[in-house]
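*Asks:* Please arrange chains Y, D and Z on chain C, whose structure you already have, making use of the hints.
Chains as they are written, first to last, in my numbering: chain C, -14 to 476; chain Y, -14 to 476; chain D, -14 to 476; chain Z, -14 to 476.
Hint data in this document are derived by calculation from the structure and do not stem from the laboratory.
The model shown is predicted, which means the values in this text are computed figures rather than measured ones.
Warning: the hint list may mix true and false statements.
Claimed, not checked - Each pair of labels, with its calculated beta carbon distance range:
no., chain 1, residue 1, chain 2, residue 2, range
1, D, Asp29, Z, Ala341, 30 to 36 Å
2, Z, Arg143, Y, Ala341, 39 to 45 Å
3, C, Pro38, Y, Ala341, 23 to 29 Å
4, D, Asp33, Y, Thr391, 40 to 46 Å
5, Y, Ser302, C, Ser330, 28 to 34 Å
6, Z, Val165, D, Ser60, 55 to 61 Å
7, D, Ser60, Y, Ser302, 39 to 45 Å
Said to hold, decoys possible - Negatives, chain C to chain Z, calculated, CB over 12 Å:
no., residue
8, Tyr(-8)
9, Gly(-5)
10, Glu15
11, Pro38
12, Lys170
13, Ala341
14, Phe348
Said to hold, decoys possible - Below are the DSBU-like pairs computed for lysine-lysine, each with C-alpha atoms no more than 30 Å apart in a straight line:
no., chain 1, residue 1, chain 2, residue 2
15, Z, Lys226, C, Lys9
16, C, Lys137, D, Lys458
17, Z, Lys9, Z, Lys211
18, Y, Lys137, D, Lys401
19, C, Lys137, Y, Lys300
20, D, Lys396, Y, Lys(-2)
21, C, Lys300, D, Lys300
22, C, Lys137, Z, Lys396
23, Z, Lys211, C, Lys223
24, Z, Lys226, D, Lys223
25, Y, Lys408, D, Lys458
26, Y, Lys458, C, Lys223
27, C, Lys396, Z, Lys0
28, C, Lys396, Z, Lys9
29, Y, Lys137, D, Lys300
30, Z, Lys396, C, Lys9
31, Y, Lys211, D, Lys396
32, C, Lys137, Z, Lys408
33, D, Lys408, Y, Lys137
34, Y, Lys458, C, Lys408
35, Y, Lys223, D, Lys137
36, D, Lys226, Y, Lys137
37, Y, Lys77, C, Lys458
Glycine included, each C-beta is placed from N, C-alpha and C at the ideal position.
Okay, here's what each chain looks like letter by letter:
There are 4 protein chains.
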Amino acid sequence: MRTKQQYIDGLNKLKRNLYFGGDKVGRDHEALEQPINVIGVTFDAAQDPELAPLCTAKSHLTGETINRFCHVHQSTQDLHDKQDMTRTLCRKVGFCIGRCMGVDAINAVNAVSFEADKSNNGATEYHKNFINWLTNFQKNDLVGSCAQTDVKGHRLMRPAQQPDPDSYLHIVERRADGIVVRGCKVHITQAAVADEILVVPTRSLGPDEADYAVAFAVPADHEGVKQVLHPHFMRNRKQFKRGFDWGVVDSYVVFDDVFVPWERVFLAGEHQHGGLCALLFALFHRHSYSGCKPAIGDVLLGMAAMAAEINGIEKTSHVRGMLAEFVKVSELGYAAGFTASSLGSTQINIPGLGKAPYGPGGFFPDSVYANVGRCLTGEAVFHEQELLCDIAGGVPSTFPFEQELTNEEVKPFLEKYINRQSKVSVEDQIKFWLYFGDITCSNLNGSITYGSFHGGGSPIMEQIAIVSQYDIKARKDIVRNLAGMTTGGKK
Amino acid sequence: MRTKQQYIDGLNKLKRNLYFGGDKVGRDHEALEQPINVIGVTFDAAQDPELAPLCTAKSHLTGETINRFCHVHQSTQDLHDKQDMTRTLCRKVGFCIGRCMGVDAINAVNAVSFEADKSNNGATEYHKNFINWLTNFQKNDLVGSCAQTDVKGHRLMRPAQQPDPDSYLHIVERRADGIVVRGCKVHITQAAVADEILVVPTRSLGPDEADYAVAFAVPADHEGVKQVLHPHFMRNRKQFKRGFDWGVVDSYVVFDDVFVPWERVFLAGEHQHGGLCALLFALFHRHSYSGCKPAIGDVLLGMAAMAAEINGIEKTSHVRGMLAEFVKVSELGYAAGFTASSLGSTQINIPGLGKAPYGPGGFFPDSVYANVGRCLTGEAVFHEQELLCDIAGGVPSTFPFEQELTNEEVKPFLEKYINRQSKVSVEDQIKFWLYFGDITCSNLNGSITYGSFHGGGSPIMEQIAIVSQYDIKARKDIVRNLAGMTTGGKK
Amino acid sequence: MRTKQQYIDGLNKLKRNLYFGGDKVGRDHEALEQPINVIGVTFDAAQDPELAPLCTAKSHLTGETINRFCHVHQSTQDLHDKQDMTRTLCRKVGFCIGRCMGVDAINAVNAVSFEADKSNNGATEYHKNFINWLTNFQKNDLVGSCAQTDVKGHRLMRPAQQPDPDSYLHIVERRADGIVVRGCKVHITQAAVADEILVVPTRSLGPDEADYAVAFAVPADHEGVKQVLHPHFMRNRKQFKRGFDWGVVDSYVVFDDVFVPWERVFLAGEHQHGGLCALLFALFHRHSYSGCKPAIGDVLLGMAAMAAEINGIEKTSHVRGMLAEFVKVSELGYAAGFTASSLGSTQINIPGLGKAPYGPGGFFPDSVYANVGRCLTGEAVFHEQELLCDIAGGVPSTFPFEQELTNEEVKPFLEKYINRQSKVSVEDQIKFWLYFGDITCSNLNGSITYGSFHGGGSPIMEQIAIVSQYDIKARKDIVRNLAGMTTGGKK
Amino acid sequence: MRTKQQYIDGLNKLKRNLYFGGDKVGRDHEALEQPINVIGVTFDAAQDPELAPLCTAKSHLTGETINRFCHVHQSTQDLHDKQDMTRTLCRKVGFCIGRCMGVDAINAVNAVSFEADKSNNGATEYHKNFINWLTNFQKNDLVGSCAQTDVKGHRLMRPAQQPDPDSYLHIVERRADGIVVRGCKVHITQAAVADEILVVPTRSLGPDEADYAVAFAVPADHEGVKQVLHPHFMRNRKQFKRGFDWGVVDSYVVFDDVFVPWERVFLAGEHQHGGLCALLFALFHRHSYSGCKPAIGDVLLGMAAMAAEINGIEKTSHVRGMLAEFVKVSELGYAAGFTASSLGSTQINIPGLGKAPYGPGGFFPDSVYANVGRCLTGEAVFHEQELLCDIAGGVPSTFPFEQELTNEEVKPFLEKYINRQSKVSVEDQIKFWLYFGDITCSNLNGSITYGSFHGGGSPIMEQIAIVSQYDIKARKDIVRNLAGMTTGGKK
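Next comes chain C alone, as it looks inside the complex (with noise of 0.2 Å):
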């Protein structure tokens, strides 16, 4: 496994091919410091001996010792360890910790590449492929970020009906030595901060869509990929520092006609096997999200609470049935994944096909239970900032600013005016309001808000996939018994 300094190092030779502030920049950018920092967090918990146990895992290829990031999961408590390793990380940095997309999209990926080698009776050797890169990117503690959303033009439009096919990305040539690709991600978190990049497709497809069946990994400055660039982070400040300065950054990636060696190819053309790769990335990932929507859940409890300490407020009914409500939706929804895992199996439950083994072994999450607790967590994004904004007041969206909060003509009468009598220092209050606007006032907002709700899928996204894959038709028999009736009741 790498140090932070090994990850940083490798990002350095990367050649450069992000785009942002006007210029073609490098992975030492200032704008990249704070993602960098949250990325290396999961290499310092590696070698932490009080978190290794959870943040460490033993590879199922090779038997070594590997970061979490990078592991198959194999069994319940692997799931359970994941979510639970996802939790603790976010904590420490505050909001999402950015290296989940990378383990979600392998486990999808070891699975869809096994199968479409399977329904192409060994004609293929996606899964030859896929495991000889993931043995590489396990032995060297790579960063994997997973580009899946594609531009997507009209939305009422399959790929193949768009006017420009390159709505989504897809295969334009198939050679000997591998395929070229065309199109666009967007909003790929932490693409411009990973190693690889893993490429899987956003939906379900036709018989006529093969082409954008497509799967496969590319370093993260592979020849034809160019990024551009949208970074959200918290600013260093100089006098009130932070306990940690959190950042992310989002890429456009654009593949210009990009060359994909066969041996980085992991599907391409296997209509079906290309929309359940969309749909088991979407299952691991809203996993994921039982980890760290409950680790936001607890910084933003925290918040209300410490808002409320301070204004002397915090027993009041009314502050306490806010507080619960915080705790309700983090609790339910980390119950929710912890059923997943608990109830999960090498099986996966496919809409129309029921539940079936699917792939080499891997192991899933129950897929009822990851999108309710997904969607409740989505749904709850912004009723829990207008609860923060209740309990803070206006305070968070005027507050002054460092410049001023230091200037000896006026910092007496801010000091004297700000400070509430609370057991909590003057400077303590002053740090918690400027990270309270971090979080609520600034222009960080937008990232975890937007974030939040789409990522991993909006809660639309949820309650298609609750009722495309629930047995509906099960309640409807209870409902026919109880009622004495004989017919009806069809799926």
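*Replies:* Relative to chain C, chains Y, D and Z alone:
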């Protein structure tokens, strides 16, 4: 274990102490037929080869096979089984199965009687009394009701402050051979069709409220016990028969200076244990709701889906979104209960004291998860009714009655105009809408909604439990670390 | 104008065409006593010196003083008065006053019959027919019911697509002296206690659906009209008498090839006007809800406040927040209706055509405000029930029945334990909780909630109306200007 | 009346007492450019022939034509005009117009200064002082800011209980020529770009808090007044220019022992009138929100509709339902304000005293309607943000920055992949999403949401106002009558 018939025979031997319809009646009154049928299913299930593994348990006292509703939980698996048994049986009867109050009270009193003896240094024999009583209870497969809720008088005053000291049931006399109690317990579900009534305190108690810290069991027809009934039931139909006619009966149970011999007294004056007894009954009962509420959700979802099928709108996105809402509530509630079982232990989380062992080894569900689940499902009650109303339209409220549906003069018209040309026969469409009206537009609906909202504790009670037991300080510490603070963050 | 007794005498002269309880019954059946009492209040009010100014109007046809429920609105003040009359009378009876469907239908048909003639270039005499009919209606102070909702068959098919063409009421024969119609109108409130039934179409209609574009009036006992009843009412009590016993009756009104002479036909084939007739009845009826829903809100708020007073919790912030929710819904609903009246005009807002005069000078409320108000109050129905449940606790669901409350054996106990020592006498506490149960935990509750939710159009219908009539393009233009755009922004 | 340029010239004559960016700055700082532009629109509008009728008024003091933002409302029509002017101007600038605090404070102080004199039997000349000040204010067309919110210290303690008595601004010295005040007013919107600051109390006050009952006006650069700024603004763009660049500035306004001469003092010690002054400013300001919030709703609806149009999903039922939600909130908020104006009077509704005339004849909106409207729109803030997020997807959070959109290396790719083939040009699609991000995912969003939620009083403040002023007793009486009760129903 008894048969349903043996249970009924037992009821019919009880003295007439039920008041209904202006008369003093026995357990053979027709208003009790449906409530008895419901409890009867718990006897049938224990004899059913398919259901017996779930619905029976091995007594930790005698090693005998007993009905699970008489069992003291010993493990996570016991809690899983209780949850699943409850969901399974509630699906069969279409709503509350009515026997969980007994088992939940048994589990609470088992722990409390043990600890009270311990804190009395063996000067009392509450636990011995309880074990003797329980051994007989298990052996004779009795049905227990739990009488907890007092009339409470002025809601902002504690028991000792009330103008009428009898506003909470209490000990009015201590004799050599037992105690005399006075008071009235209200909303006592199935007390009229139970063999035994277990009495436990309603709330936390102060040192000046020792006489209110009382727990005991009496036969349902015990001298001085009078029950005033409020039954809710589906009336038998003549032609359009249901598959199951559900019903329940609530009682005001008056204790008119009732003498209870010591061998039936399990707590008599230990105020702290009195409060814990209230808390623990609530804990077990809220866990039971993680079984029944998902079952009710199954029924409501089935009703919604069938109504949509009959109306021909089952595939609209609008309807599918509504179906997803039922699934979310049911399965998040189930997941919370499942997680509470998995993370359960022989310890309880006592506000102010933290986690500590309690009782002689019984197994407690995790309190935070038991509470967040119950809170979610309680808060959803009226919204679920709204979804049903939305999807059904005005039909259930104005649907013709059975007398018109069978009146030859209008029957042909009604059948013509009720029919929506679906694959469901007209007769079944009629049965369906009659059943839908039974649940939503009958006097039963009050029992269904008020019971689902308040039973086991209203959502506000779970909010209070959540906030008082959750480790909020740990969340404030997370924020203190992230914000770079060094002071504050008190509990 | 008639007295209540004259109204009753009139009803008793009607032929027996009502089906209830397995029999063909007359208007003197006891199940109709409460519904008749409710309508009776509208006659009493017109004679009451204090209420007459609000509850009567000057006929624009004859100049005579008539009951306002027979009036064609001529001005903003007329609409204000209709709203306030409705709120006042609904407060008196405790729920729906039951006579607004007639006046709302009259106002719609008044305009539609005029415009249909105009578009027929005078080839028809619908408006003359209507004015003649209305002159008699006003003179004899008749009670009109409006039959709009058809059975609709498969909900996603239009009338002309239905397997059974009678799924929507339509003309099956045109004769020299009139038309013959067939179909069944459902959920027709107070049809069983009305003198006249006005029939209007349910929905927008295509050119192939001309036979469905039909409006007319028939006496409630007209040849071929059969009503199947579903009454909802508060049963009389013997000792704990209410101040008013409310009730309502809904009918399935079967039109078994009913002949309607031309002088009672107001529309017969003009499909566009048929759709507008449906729209306009809905518009006037939604405006009526701005009177009745605030009145119901007044009653529910009074129930909540009184329950809180009796329980001693009226001053807690928790309860006061809940009381504020009732006020918000009621007064926002009232304000929407008030504004709809103030901004009303002789023009209507026709989707696709914009604002245009319609009809012979009747006065229309503004459609957007009428719809947003009705939508808000409809969406609040179940939440208001939840608030009542929350504030009352389990009491209304399990409260003893009158027979027990007057049974000498248990009465002393019940009085002792029901009493909460408030300033309200025990007898009044009993009356209050019995009334609370009448509203919330009786079979009446289905009528109250389903009627309040769907009556006048479900919230989804108002959403559709709002979006189709609102000037969304103007809002897109605002954004185009602010963003500096020059293209886009199509309607 | 002045021009925008005269206003700017006036600001530039003020002394430097603004603290921002570590410096003491003048009104010509670039951070104030957008806030000044916003206020500037109110001057342009008064000169615009089309807008002048709405945006000017006839002074009741001088008969001169003045800017409506300087006017004391005399009638329902004045209130209608203020509401419509506010909505019109807010639509032009895209958010808060920033000049209503002044006019709302003027209207409150006009009444309070008059009544305080009256209760002092003419021993004070507050109203004469105010009228003199106002005459000059109107004549010179000044911009007023209202400084109300104090820092408040411990939130559960009253002003007189605070450890630091300066937690609320108060009189520290009374001299022959005036008073000396100390304190700090926070969240004072547009104080940095105002000519005059009107100071009013925050809350109701007790007899021991007379020194906190103080109202006066000072120039914005008055001796001893220091403003610490927190501006929020849209940065100028180079290529993708907006139609209007909105901005606002909030100040902490420190009163460092500020001397105020008597002729500028409008209240100084009358505690009851101090509380009423707070209440009346809130009343007028909440009424102003019935103009601005619908305008913001117009903008948000336009954004949602345009996003849907660009994404090609504008006709889906899902999206149309969301659009309806914006309309409902805006138009119910508008209707509440409209009704408050129509039912306004020269009386106010004083808790405990009921309706009574107050002041020298100014016109007050109805308080219940002003409050229910503000409460609704405040509670909707975060839900509206959620709807925008839902409809937009992740786009605004990760959209490329202007520097990349104009970088020749990636511009062709971005234009290709941003384009959704709608009728909107690619350049306009870019402008649209940049604007969408300005509103939702920028640091401006904090101002927009926190200001919309708390400005004019948080929803909880309106709830308190509603319940304390509403005639709840009358609703309890309705229920007492319906239930047949004769006791109870106290206020």
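*Asks:* Determine for every hint whether it applies to the structure shown.
*Replies:* Each hint, compared with the structure:
1. D:Asp29 with Z:Ala341: 30 to 36 Å: 35 Å, holds
2. Z:Arg143 with Y:Ala341: 39 to 45 Å: Distance hint for Z:Arg143, Y:Ala341 holds at roughly 42 Å.
3. C:Pro38 with Y:Ala341: 23 to 29 Å: With Cβ atoms ~26 Å apart, the hint holds.
4. D:Asp33 with Y:Thr391: 40 to 46 Å: Cβ of D:Asp33 to Cβ of Y:Thr391: about 45 Å, so the range 40 to 46 Å holds.
5. Y:Ser302 with C:Ser330: 28 to 34 Å: Holds, at about 30 Å.
6. Z:Val165 with D:Ser60: 55 to 61 Å: The hinted range 55 to 61 Å holds for Z:Val165 and D:Ser60, with Cβ atoms some 59 Å apart.
7. D:Ser60 with Y:Ser302: 39 to 45 Å: 44 Å, holds
8. Tyr(-8): C:Tyr(-8) is indeed farther than 12 Å from all Cβ atoms of chain Z, at 23 Å.
9. Gly(-5): 25 Å, holds
10. Glu15: The claim stands: C:Glu15 keeps its Cβ more than 12 Å from every Cβ of chain Z (closest is about 15 Å).
11. Pro38: 35 Å, holds
12. Lys170: 10 Å, violated
13. Ala341: 32 Å, holds
14. Phe348: Holds, because the least Cβ-Cβ distance between C:Phe348 and chain Z comes to about 29 Å, which exceeds 12 Å.
15. Z:Lys226 with C:Lys9: Distance of about 24 Å is within 30 Å: holds.
16. C:Lys137 with D:Lys458: The given pair, whose Cα atoms are some 25 Å apart, holds under the 30 Å limit.
17. Z:Lys9 with Z:Lys211: Holds - the C-alpha atoms of Z:Lys211 and Z:Lys9 are around 10 Å apart, at most 30 Å.
18. Y:Lys137 with D:Lys401: OK: Y:Lys137 and D:Lys401 at ~12 Å, within 30 Å.
19. C:Lys137 with Y:Lys300: Holds, at roughly 24 Å.
20. D:Lys396 with Y:Lys(-2): Holds, at roughly 26 Å.
21. C:Lys300 with D:Lys300: 18 Å, holds
22. C:Lys137 with Z:Lys396: Given pair C:Lys137, Z:Lys396 holds - Cα atoms ~19 Å apart, limit 30 Å.
23. Z:Lys211 with C:Lys223: 24 Å, holds
24. Z:Lys226 with D:Lys223: Violated, at roughly 77 Å.
25. Y:Lys408 with D:Lys458: Distance of about 44 Å is beyond 30 Å: violated.
26. Y:Lys458 with C:Lys223: 28 Å, holds
27. C:Lys396 with Z:Lys0: 20 Å, holds
28. C:Lys396 with Z:Lys9: Roughly 13 Å separates the two Cα atoms, so the pair holds.
29. Y:Lys137 with D:Lys300: Roughly 18 Å separates the two Cα atoms, so the pair holds.
30. Z:Lys396 with C:Lys9: 13 Å, holds
31. Y:Lys211 with D:Lys396: Given pair Y:Lys211, D:Lys396 holds - Cα atoms ~12 Å apart, limit 30 Å.
32. C:Lys137 with Z:Lys408: Distance of about 17 Å is within 30 Å: holds.
33. D:Lys408 with Y:Lys137: Between D:Lys408 and Y:Lys137 the Cα gap is close to 17 Å, so the pair holds against 30 Å.
34. Y:Lys458 with C:Lys408: 14 Å, holds
35. Y:Lys223 with D:Lys137: 29 Å, holds
36. D:Lys226 with Y:Lys137: Holds: D:Lys226 and Y:Lys137 sit about 27 Å apart, inside 30 Å.
37. Y:Lys77 with C:Lys458: 16 Å, holds
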